[in-house]
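Trainee: The lines below spell out each chain.
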Amino acid sequence: MRRRPGIAGIQRDVATREQYRSAGEEVRRASLQQMKAQLVIFKSSLEAFALQHKADIRADPVFRAQFHTMCANIGVDPLASNKGMWAELLGFGDFYYELGVQLVEACLASRQLNGGLMELGALRAAVERRRGSRSDPVSEDDIVRAVRKLKVLGGGIDIVTIGRGTYIRSVPGEFNTDKNKVMELAQAAGYISAGQLASTAGWSSQRCERVLAELLKEGMAMIDDGAPDKLRLYWFPALMPQQQQ
Amino acid sequence: MGSSSTFSWPYFYQYPPYFTRQPVKETADRQSSLWGSLILAYCKHHKLYVLSPSEDIPLWVNKDINRRLAPEAAVSFLDDLVAAGSALWLDGGAKARCLVLWRRLPDVAAAIASWAASYGMADSVMLLDELAAGPEVAGTELEGLHREVLLRALQLLEAQGKVKLFKGATPEEEGVKFL
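Line by line, the protein sequences give chains A and B.
Just so you know, my numbering puts 146 at position 146 of the first sequence, and the rest follows in order with no gaps.
Just so you know, my numbering puts 58 at position 58 of the second sequence, and the rest follows in order with no gaps.
Just so you know, the hints here were simulated from the structure itself, not pulled from any lab data.
The C-beta atom is built at its ideal place from N, Cα and C for all residues, glycine as well.
Mixed in with the good hints, there may be bad ones.
Pairs of lysine to any residue residues, derived as SDA-like cross-links and limited to a Cα-Cα distance of at most 25 Å, are as follows [what the hints assert, rightly or not]: (1) Lys230(A) with Ile57(B); (2) Lys181(A) with Trp235(A); (3) Lys25(B) with Leu38(B); (4) Lys181(A) with Leu153(A); (5) Lys47(B) with Asp91(B); (6) Lys217(A) with Pro58(B); (7) Lys47(B) with Ala132(B); (8) Lys25(B) with Arg148(A); (9) Lys181(A) with Val24(B); (10) Lys63(B) with Arg232(A); (11) Lys230(A) with Pro58(B); (12) Lys230(A) with Glu72(B).
Listed below are several chain A residues computed to face chain B (Cβ distance under 10 Å; list not exhaustive) [as the list claims (entries may be wrong)]: (13) Ala55; (14) Ala221; (15) Ile223.
Turn these sequences into a full structure, and let the hints steer you where they fit.
Mentor: Right, dumping it as structure tokens:
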């Protein structure tokens with residue numbers, strides 16, 4: 001005959017469950033405290049590291065990028081706030097803020113030339129020129145971080161990948177997949193004709209004409225009627241090799 | 001002719017689309033401004049005063065990229081220079097010969113006045129030909145001045161009451177009296 005749980009049995013179960021539950025909470029609380037303690041240790045180690053290597057972090061873009069990766073692994077974002085520990089510790093806020101201003105200026109200065117689409121390497125070079133030879137060097141990684149920060153602030157600035165290249169777009173308006181495709185196909189030569197576009201992308205001629213007209217209107221493309229066979233070519237200043245910019 | 005080997009071409013001169021007049025206004029305006037500056041710089045470097053839109057010169061023709069600026073486009077950019085006071089058409093509506101004022105007329109006039117003062121030319125009379133190429137101007141900034149530029153600069157000075165122009169029976173006899 002099976003023993004039936006009596007009231008006492010039920011009460012015992014409840015008590016046991018309660019014990020387990022509070023024991024579990026104890027464990028959780030202890031783990032959480034441990035974790036918090038660990039994080040505090042991490043954080044102060046990171047701060048000590050950052051302080052010790054402050055000069056290197058400012059001066060060496062490669063080291064700086066590695067530092068960012070390390071922070072990211074621990075879940076710390078030194079750029080999270082302009083104020084606070086990191087800003088004072090490293091002057092990081094200032095560094096990336098200043099960089100943000102400089103890169104926006106560089107984009108604006110060349111917007112007439114490339115329609116507001118600038119290749120990352122070219123932008124880095126332009127920013128370095130603005131900063132002057134005596135200031136800390138900046139890497140493409142730095143530029144990308146600064147752009148991401150600006151994006152969060154709602155800056156109307158964005159990173160666009162076209163084929164093998166990375167470009168910074170600094171004009172509003174849509175850079176849709178069609179426009180991206182055109183520039184990707186034109187990337188190797190720096191230009192493309194409507195016919196080449198139609199056959200390579202497999203688009204109708206209307207679609208080609210429309211995208212090319214949009215790119216022209218936005219100042220991202222220029223026409224060239226001087227080719228030997230008189231075929232109209234579309235050139236993209238943003239795709240110009242760096243030394244020509 | 002100045003030395004053509006040391007003239008440094010701007011970046012857009014190597015970029016084919018700039019040799020085609022652009023349809024989009026903003027791009028076209030910038031294109032015209034760039035070409036205008038190039039025209040002035042090119043003429044200044046080579047001491048050229050008169051340009052023809054259809055002549056075969058490196059300014060309009062870049063053999064390296066196999067592009068030539070169409071005469072209509074050249075006329076358009078020269079028209080913009082004229083509107084800005086940096087050039088003059090010498091042939092009215094034909095627009096085949098353009099006087100390029102890479103040195104502003106008031107500056108040329110001032111240079112003439114200053115030369116006249118330092119050479120003590122007051123009350124003297126000179127033929128225009130002498131003023132353009134005579135021994136008195138050899139080595140000065142007036143040497144090699146194009147007759148058309150000289151004439152217009154002197155007209156400015158005449159309006160300022162600093163000289164009086166004389167027409168001779170022939171162009172060779174045109175002269176100027178410094179007052």
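Trainee: Compare the structure with each hint and give your call.
Mentor: Outcome of the hint check:
1. In summary, the hint linking lysine 230(A) to isoleucine 57(B) is supported, as the alpha carbons are separated by about 22 Å, within the 25 Å threshold.
2. Using a Cα cut-off of 25 Å, the hinted pair lysine 181(A) and tryptophan 235(A) holds, with the two alpha carbons roughly 14 Å apart.
3. Restraint check for lysine 25(B) and leucine 38(B): the C-alpha separation of about 20 Å stays at or below 25 Å, so the hint holds.
4. Proximity of lysine 181(A) to leucine 153(A) is assessed by CA-CA distance (about 28 Å); at most 25 Å being required, the pair is judged violated.
5. About 21 Å separates the Cα atoms of lysine 47(B) and aspartate 91(B), which keeps this hinted pair within 25 Å; it holds.
6. For the proposed pair lysine 217(A) and proline 58(B), the alpha carbon gap of about 30 Å is over 25 Å, so the pair is violated.
7. Annotation: proposed proximity of lysine 47(B) to alanine 132(B) holds, straight-line Cα distance about 14 Å (limit 25 Å).
8. Of the pairs offered as hints, the one joining lysine 25(B) and arginine 148(A) is violated, with about 33 Å between alpha carbons and a cut-off of 25 Å exceeded.
9. Between lysine 181(A) and valine 24(B) the alpha-carbon distance is near 22 Å, which keeps this suggested pair within the 25 Å criterion.
10. For a cut-off of 25 Å, the pair hint linking lysine 63(B) to arginine 232(A) stands: about 19 Å separates their Cα positions.
11. Restraint check: the Cα-Cα separation between lysine 230(A) and proline 58(B) comes to about 21 Å, which is no more than 25 Å; the hinted pair holds.
12. A hinted pair counts as satisfied when its Cα atoms are at most 25 Å apart, and lysine 230(A) with glutamate 72(B) qualifies at roughly 17 Å.
13. Here the hint on alanine 55(A) is broken, as its CB sits about 38 Å from the closest CB of chain B, past 10 Å.
14. The beta carbon of alanine 221(A) is positioned within 10 Å of a beta carbon in chain B (closest approach about 9 Å), and the interface hint is therefore held.
15. At about 6 Å, the closest approach between the beta carbon of isoleucine 223(A) and any beta carbon in chain B falls short of 10 Å, and the interface hint on this residue holds.
In this structure, the hints that do not hold are numbers 4, 6, 8, 13, in rising order.
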